[in-house]
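Student: Each chain, letter by letter, is given below.
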Amino acid sequence: TQLLEQSPQFLSIQEGENLTVYCNSSSVFSSLQWYRQEPGEGPVLLVTVVTGGEVKKLKRLTFQFGDARKDSSLHITAAQPGDTGLYLCAGAWDTGRRALTFGSGTRLQVQP
Amino acid sequence: EAEVAQSPRYKITEKSQAVAFWCDPISGHATLYWYRQILGQGPELLVQFQDESVVDDSQLPKDRFSAERLKGVDSTLKIQPAELGDSAMYLCASSLAQRTDTQYFGPGTRLTVL
Chain A
5 TQLLEQSPQF LSIQEGENLT VYCNSSSVFS SLQWYRQEPG EGPVLLVTVV
55 TGGEVKKLKR LTFQFGDARK DSSLHITAAQ PGDTGLYLCA GAWDTGRRAL
105 TFGSGTRLQV QP
Chain L
13 EAEVAQSPRY KITEKSQAVA FWCDPISGHA TLYWYRQILG QGPELLVQFQ
63 DESVVDDSQL PKDRFSAERL KGVDSTLKIQ PAELGDSAMY LCASSLAQRT
113 DTQYFGPGTR LTVL
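Protein chains in written order, with the numbering used here: chain A, 5 to 116; chain L, 13 to 126.
Bound-form chain L, shown alone (with noise of 0.2 Å):
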């Protein structure tokens, strides 16, 4: 069965490092989100892209993070620099248009700033 690729799975890093995760979401889906999710709540939009294109990134801290999906098949995300309270699971993923509602998740990848 096919299935949203994230890696890393766990990174820790310093505030004021740059981190990068990237995600590979199902082939074929042209849709992709980006949510963060904060121990006990549930998860926040940062961004959604159809295709290369971004629909919306009102949520996207922009000063500090970014996201493209140059090809329209993988995506990468980055916070720059990061900060303690960036410290979340951070979660992809992706749908087959961007008017179905049914997505599907990857595995997350956990951010620890120290």
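The following block holds chain A by itself, in its conformation from the complex (with noise of 0.2 Å):
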């Protein structure tokens, strides 16, 4: 069975620091996705990253993918309120199945 760790499962802040939240794996992804979750509804695509050291930019998030492809941190600048929800990495590996799993999530709640 494949696993996808996720650190820290909870993480509480002041409006306008800075944070990382990692993701972790014993094995090669082929690509990996963050989510975004509020309460109540489906997790939103942020981003996908395919390539190894791969670095992508969303405004104040920062999605960094490991050299080897086995792990991925994202990382926000300035957190605001609206940065609140659940972050969910979710991998695929090279085996042909296609769906994802999903690692069990990190809830951020950034207090004003």
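So the derived list for chain A, only partly shown, Cβ under 10 Å to chain L, looks like this:
| # | residue |
| --- | --- |
| 1 | Q10 |
| 2 | Q13 |
| 3 | S35 |
| 4 | Y39 |
| 5 | P47 |
| 6 | V48 |
| 7 | L49 |
| 8 | A94 |
| 9 | L104 |
| 10 | F106 |
| 11 | S108 |
| 12 | G109 |
Treat the hints as calculated values from the structure; they're not laboratory data. Think of the CB as a built atom: it goes at the ideal place given N, C-alpha and C, for glycine as much as any other residue.
Fit chain to chain and form the complex, with the hints in mind.
Tutor: This is how it looks when you write it as structure tokens:
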């Protein structure tokens, strides 16, 4: 069974602070996606990373894919209350099965 | 912008009753997925369709769950009989093709079994 570990599980910070969320696996991903989910809603895709060492930026969010394609990080600069939510990483492996395996998520609370 | 549609958004039922959820993927998306998300956890795949064919249903509890996508477009997920442990969010997602990793999710159906 291929597992994805996310850390931390919970994070409560003040507005304006920076934070980093991590996603790790013992297996090599063919691709990895980050989603944000609000209570009672479905996950919304933030980014897909495919190439080892890849860095993608989405406004104040920076996503990095590890060189070996086994890990990824999400860094948020100057967090705002609107960033509050559940951040999920999801990976696909080179097994031909294209459904995603999700981590358990990081629940972020940004206090004003 | 095209979206994945799901209904109902919320369902409350008693144990041993039958429930059904409906999903309409983004137009042109050949691959459709049903996931279950228990509170505090990430989504877990139940079944994956490529057009009208089941590609992966290894995690589907087949004694009580069934899924179909008869015309390769919309899909229905059924639970009969529902059990207390089935309370969860049921999410539908679609992607352009089986080898496309980018999946787009619907808003989900929140099921509560009493």
